[in-house]
Amino acid sequence: MLLVVEQLLNGLQFGLLLFLLAAGLTLVFGIMDLVNLAHGSLYMMGAYFAATFVAWTGNFVIGVLLALGATLLLGIALEFVALRHLYGRDHLDQVLATFGLILFFNDAVRLIWGPAGLALPLPAWLTVPLQIMPGIYYPAYRLAIIVVALAVALMLYLVVMRTRVGMLIRAGASNREMIGALGININLLFTLVFGLGAALAGLAGLMQAPILTVQIGMGENILILAFVIIVIGGIGSIRGAFLAAIFVGLIDTLGRAFLPDLLRQVLSSTAASTAAPALSSMLIYLLMAIVLVVRPEGLFPASKR
Amino acid sequence: MSVSFNARNVVTALVAAGLLLLPLYSQLTGNIFVLTLFTRIVIFALAAASLNLIMGYGGMMSFGHAAYLGIGGYAVGILAHEGIGSGFIQWPVAILASALFALAVGSLSLRTRGVYFIMITLAFAQMAYYVASGLARYGGDDGLTIYKRSDFDGLINLSGRVQFYYLCLACLFGGVYLIWRIVNSRFGMVVQGLRSNEARMQAIGFPANRYRLVCFVISGMMCGLAGALLANNTDFVSPASMYWTRSGDLMVMVILGGMGSLFGPVIGAIAYLLLEESLSQITEYWAMILGPMLLLIVLFGRGGIMGMLGRPRRG
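Protein chains in written order, with our numbering: chain A, 75 to 379; chain B, 823 to 1137.
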């Protein structure tokens, strides 16, 4: 029981983190029609910035805020210098160009911060376990991730659904030419959306950093997960991304936690312990394959919102 | 097909002749490294050419082509590990296993289009990657060392550098010839027609996905062969050979050389791997230069190297 609750929370926390990454990706994809593989690099840069700024300032909160700003600026600069020229190009061109950006960022990080990973130490007030239910303790930091991510998700929802900018974003997702023709400055809107996506990716990266280490290539595996999520959720749909992210986070975490024991019921224990990690890593890809076969446009296609 | 003296054909002929004469150069100068390097290049050129068949001619953007490299490699590695050293068994198994994988992946993925197709092929390749990582008996994450190269009963000795190079080159030229025949056959015309206008082709009465699937499987088989060659070349196979960045490398080779041109991927593979090699000798941080170069190539070099040499001839 204790373990189940803990793993459910872990799954939720991981899913919300994935949502932050996937939200930016799906916005950029839905509105600019841009496949941005370098989104994972922004996630990585967020973590590196946070580790650096927290070490500089000696204050976790200030460091994190500085890192968020830095990732936002980096995202805007990246859009301005490179990605802007890729709108309207073939998806394949975009995949290749942003693949090149991944290569660049990985080596740039290696040049600046060195090949060894960094650690992002938590302040004392985030390391205490909190009692969430009688007898059940949960690390305060993971709880903080859940709270922050939920707050960001809510804010994103309010911005997209209740503000003028959000209205433009939604209009851009459904018909780009039309809002351009209506006199909206599309370039500015695109830069803004990209910066927002970059900041969300950076936030995901820096929140994950204290749990894992800050290292080169940390954005690549999770980027693929984020792509799986937006494909399952339906490209361009934030609601789809949210539900798919929670779903994927839960399946991945619960699979890793309980699959070995489940397999042990049917297989010999050595066979189970070798098959389980591979199988649990495969689970979400399997899920995506099934979803795409049944609904080739994802669960919530943006056009049908 | 008439042969004319345009820049594309001249470059193609020069590159082909260069590849043929390379061992001679290596013998004369005693430069063994260049032969090892080019053996690798030729193998990747075969993989890139196979990807070009579906990407350039079929319009199917597979982002999981490295999976076949891994499957072909693991077929050789696992059989060698189990004591079956004969290449007459290993290689057909490698090709067959790739065909089966391509059949499964293709029949599911071809229901989707565009970005969804890119992503679902990627997902299947990642699944293959995790399966390989889970093969504890065959090294798991660390990979599997192949202690003895495929044995062809004295017909050809794969441990001989020059012999192995020519075998790889023969596979490459054979593969390119096969693609040329496919592309210019009725079957190839249908596949290219589907890329241009699927609705019309279906209206004429061609079953779109069946044609695409066959093309997809042929491509997978060729890449599986490249995987078997690669495993023999490195005496080693590991999950890393099917990681998604490897699929990205293959895509880059195709685009760099010129998608949808017969010899483009070969030139792309040569250019990409030579670039990687020479940049890595200048600086440890070669990818910092290579990455932005890719971006520039995409932005300004439409049609890749072959495209710069003249207008691509379609089908």
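Think of the hints as simulated: they come from the structure by calculation, not from any bench. Heads up, some of the hints might be wrong.
[As the list claims (entries may be wrong)] One-sided and incomplete, this derived list gives chain A residues near chain B with beta-carbon spacing under 7 Å: (1) Phe178; (2) Ala182; (3) Ala218.
[Said to hold, decoys possible] So the derived list for chain B, only partly shown, Cβ under 10 Å to chain A, looks like this: (4) Arg1022; (5) Met1073; (6) Ile1077.
All values derive from a computational prediction rather than experimental measurement. Glycine included, C-beta positions come from ideal geometry on N, C-alpha and C.
Inset, instruction - Could you tell me which of the numbered hints above are not met by this structure, giving the numbers in increasing order? - result: Checked against the structure, the hints that fail are numbers 3 and 4, while the rest are satisfied.
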